[in-house]
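Enquirer: Sequence:
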Amino acid sequence: MTINDIKSNETLKKYMDLVLKENEVMNLTSITDEEEFYDKHFYDSLFVIDSFDFKNKVVMDLGSGAGFPGIPLAIVLKDTTFYLVEPMTKRCNFLNKVVQELDLKNVIVVNKRAEDLDDSFIEKFDFITSRAVSKLNILLELSAKFLKIGGNMIFLKGLKYQEEVEQSKNAFKILNLNYIKTLEATLPFSKETRFYIIVKKLGKTNPQYPRPYQKIKKKPL
1 MTINDIKSNE TLKKYMDLVL KENEVMNLTS ITDEEEFYDK HFYDSLFVID
51 SFDFKNKVVM DLGSGAGFPG IPLAIVLKDT TFYLVEPMTK RCNFLNKVVQ
101 ELDLKNVIVV NKRAEDLDDS FIEKFDFITS RAVSKLNILL ELSAKFLKIG
151 GNMIFLKGLK YQEEVEQSKN AFKILNLNYI KTLEATLPFS KETRFYIIVK
201 KLGKTNPQYP RPYQKIKKKP L
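If you use the numbering used here, the sequence shown corresponds to residues 1 to 221, in order.
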């Protein structure tokens, strides 16, 4: 998807306006310049859509925050269902406002921590996405149980992604996951580089995972 396609999408523009308006009273983003917003929020979120078949799939966006990458993806991929999992109630209230005002019928907002999701979410998702939430080995444990066998995780990362992949070798093994590759994108305006770690689920996740978050954080796999 090109930056021109993104800039011509009226629903994305409305979403940006909602974020920037809410940002005046609530800390959603440090990016307030329009060109930078298209670059670092929209292009960054939408880069992966040409690499996977999302049609009629179900996606969890873990730790959605202001809605990246889940909301931009949902705006463009109307045949895909998105669950935005976000523990902070204020942010969930904002996400529900976005869903209502943009009439996003393919989005469900879930106000919970990943490790508190009930059994109806086990192996429910074809894809799990996340941006700027936590280190890779923590993300893997939080999300593995909820991904279908054969499904993909897509985690948006910065320059230190290789270090995180190296630190996650044990987690890959324990959680029946396989590191596939890392996609690389150059943002059109800033020319900064973004990385997208792709992980596939090979088999069932041991039901003891995810552990309570404090244990995960204190002793990551």
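Quick caveat, the hints were computed from the structure, so don't treat them as lab data.
Watch out, some of these pointers could steer you wrong.
To be verified - Below, in silico cross-link-like pairs of lysine-lysine (BS3-like), each with a Cα-Cα straight-line distance of 25 Å or less:
| # | residue 1 | residue 2 |
| --- | --- | --- |
| 1 | Lys-135 | Lys-55 |
| 2 | Lys-173 | Lys-204 |
| 3 | Lys-55 | Lys-21 |
| 4 | Lys-13 | Lys-97 |
| 5 | Lys-173 | Lys-148 |
| 6 | Lys-135 | Lys-217 |
| 7 | Lys-7 | Lys-97 |
Enquirer: All hints, please: hold or fail.
Expert: Quick rundown of the hints versus the structure:
This hinted pair does not check out: Lys-135 and Lys-55 have alpha carbons roughly 29 Å apart, beyond 25 Å. With a C-alpha separation of about 12 Å, the suggested pair Lys-173 and Lys-204 falls inside the 25 Å cut-off, and the hint holds. Distance check on the hinted pair: Lys-55 and Lys-21 sit about 32 Å apart at the alpha-carbon level, beyond 25 Å; violated. Simply put, Lys-13 and Lys-97 have alpha-carbon atoms about 15 Å apart, close enough for the 25 Å limit, and the pair holds.
With a C-alpha separation of about 17 Å, the suggested pairing of Lys-173 with Lys-148 holds against the 25 Å cut-off. Straight-line distance between C-alpha atoms of Lys-135 and Lys-217 comes to about 10 Å, which keeps the hinted pair within the 25 Å bound. For the hint linking Lys-7 to Lys-97, the alpha-carbon distance of about 22 Å falls within 25 Å, and the restraint holds.
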